[in-house]
Amino acid sequence: MKKTMTIIGVLALCLGLALPALAHSPICTCYDNGDGTITCEGGFSDGSSASGVNMYVKQGGKVLIKGAMNADSEFTFKKPTGKYLVEFDAGEGHAVLIDGKDIVE
Amino acid sequence: MKRMTAVMALAIIAVFAMSGAASAHFQLIYTPDAVYEKGQEIPLDLVFTHPFEAGHTMDMGKPQQFYVVHKGKKKDLMGTLKPIEWTSLTNKGKAYRSTGYKMRGMGDWVFVLVPEPYLEKEEGVYIQQITKMMVNVAGMPTDWDAELGLPAEIVALDKPYALWTGNVFRGIVKSNGKPVPFADVEVEYLNHPPVPGKDMFQKNALATAPQDSFVTGTIKTDANGMFTYAIPKAGWWGFCALGVGPDNKFKGKENSQDAVIWVKAVDMK
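Chain order of the listed sequences is L and A.
When you line the first sequence up against numbering that gives the first Met the number 0, it's residues 0 to 104, in that order.
When you line the second sequence up against numbering that gives the first Met the number 0, it's residues 0 to 268, in that order.
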């Protein structure tokens, strides 16, 4: 019984640790480096890091590039030709979509 | 006769008081907006003036330091400065403009100016106002609450760029990192914001003070070195903690090493 409680406690702790970002809004901005690459920076409105958050570059509904925010909450990728979308995916209700045409130098 | 002398004395005192109670010196780092959606280059004007009345603007010497802190990293901006002549409502003074620095990405950018001490000739003392002004891009908070280790510094407890009109702004006044209890802090409103694109203040005042006590507000820090001020009107507000820095001598004269911070409130619409 005690063990179960401990497990529940640990689970709650894990969830608690994983969750704080969800109480805040996700933020992501991207800019064109001018050398054929795009850099996106992410984070949360309480200042917490977006390190590890999944990033997708999509074109016509397909995923072109899949990656994740690095330790500095940054993700750099090769600029696709044509229309594209960048998705910062911090979980349900916490995705940010950025249209490629809004990404400028 | 005795009464007459007393009245005369009072009148003389009143005249002196009137002339002496002009607005306070404030080192300005001015940019029109404190928040942005995207990183960009923003205009930065360094002007040493009396912001409520946009009165006498002092000649600035070449700053000792001008830099920006973003995500904990410091970048020197001395190379971006060029001298300009600033027009106040009563004179022209030497000021500086920074151009060419572009904010990339998101977060807070804290601009810091350590000016050359200014000699206030009438009083024979120097004034050096170490000034912080910060802006934010995209809503990501990164550096606004950081203590930068300045000799005289106001550390913000509320985001200086995210204040509604009517919010309080709180700061801790520090001298070499230690809170300063019961320090005098002057508060002044940028009542004549610069004309966009021009090196001058606008002629129209945004507010009228009923009396000099309202031109420069004077408040004090509490026993823990903290001050609180409720912002009554949208726009830029400057806070200056007087003479709190340790470097109280310059070229053999007294130096008032002050800490200044600028905050901007916006109306809730």
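Don't read these hints as lab results, they were simulated from the structure.
Hints should not be assumed to be uniformly reliable.
Over 10 Å on every C-beta distance to chain L, these chain A residues come out as not near it, computed from the model [said to hold, decoys possible]:
id: 1; residue: 36
id: 2; residue: 38
id: 3; residue: 66
id: 4; residue: 79
id: 5; residue: 137
id: 6; residue: 139
id: 7; residue: 141
id: 8; residue: 167
id: 9; residue: 198
id: 10; residue: 207
id: 11; residue: 227
id: 12; residue: 254
Selected chain A positions facing chain L (Cβ under 10 Å, derived; list incomplete) [said to hold, decoys possible]:
id: 13; residue: 68
id: 14; residue: 70
id: 15; residue: 138
id: 16; residue: 140
id: 17; residue: 253
Every residue, glycine too, gets a C-beta built ideally from N, C-alpha and C.
Each hint tested on the structure:
1. 36: About 8 Å separates residue 36 of chain A from the closest Cβ of chain L, which leaves it inside 10 Å; violated.
2. 38: violated (6 Å)
3. 66: For residue 66 of chain A, whose nearest Cβ neighbour in chain L is about 21 Å away, the distance exceeds 10 Å, so it holds.
4. 79: holds (19 Å)
5. 137: violated (5 Å)
6. 139: With a cut-off of 10 Å, residue 139 of chain A comes too close to chain L, as the shortest Cβ separation is near 4 Å.
7. 141: About 6 Å separates residue 141 of chain A from the closest Cβ of chain L, which leaves it inside 10 Å; violated.
8. 167: Holds, since 20 Å exceeds 10 Å.
9. 198: Holds: least Cβ distance 28 Å, greater than 10 Å.
10. 207: Per Cβ check, residue 207 of chain A is outside 10 Å of chain L; nearest 38 Å; holds.
11. 227: holds (23 Å)
12. 254: holds (36 Å)
13. 68: Status violated, d = 15 Å.
14. 70: holds (8 Å)
15. 138: holds (5 Å)
16. 140: With Cβ-Cβ at 4 Å, under 10 Å, it holds.
17. 253: violated (41 Å)
Checked against the numbered hints given earlier, the structure breaks hints 1, 2, 5, 6, 7, 13, 17 and satisfies all the rest.
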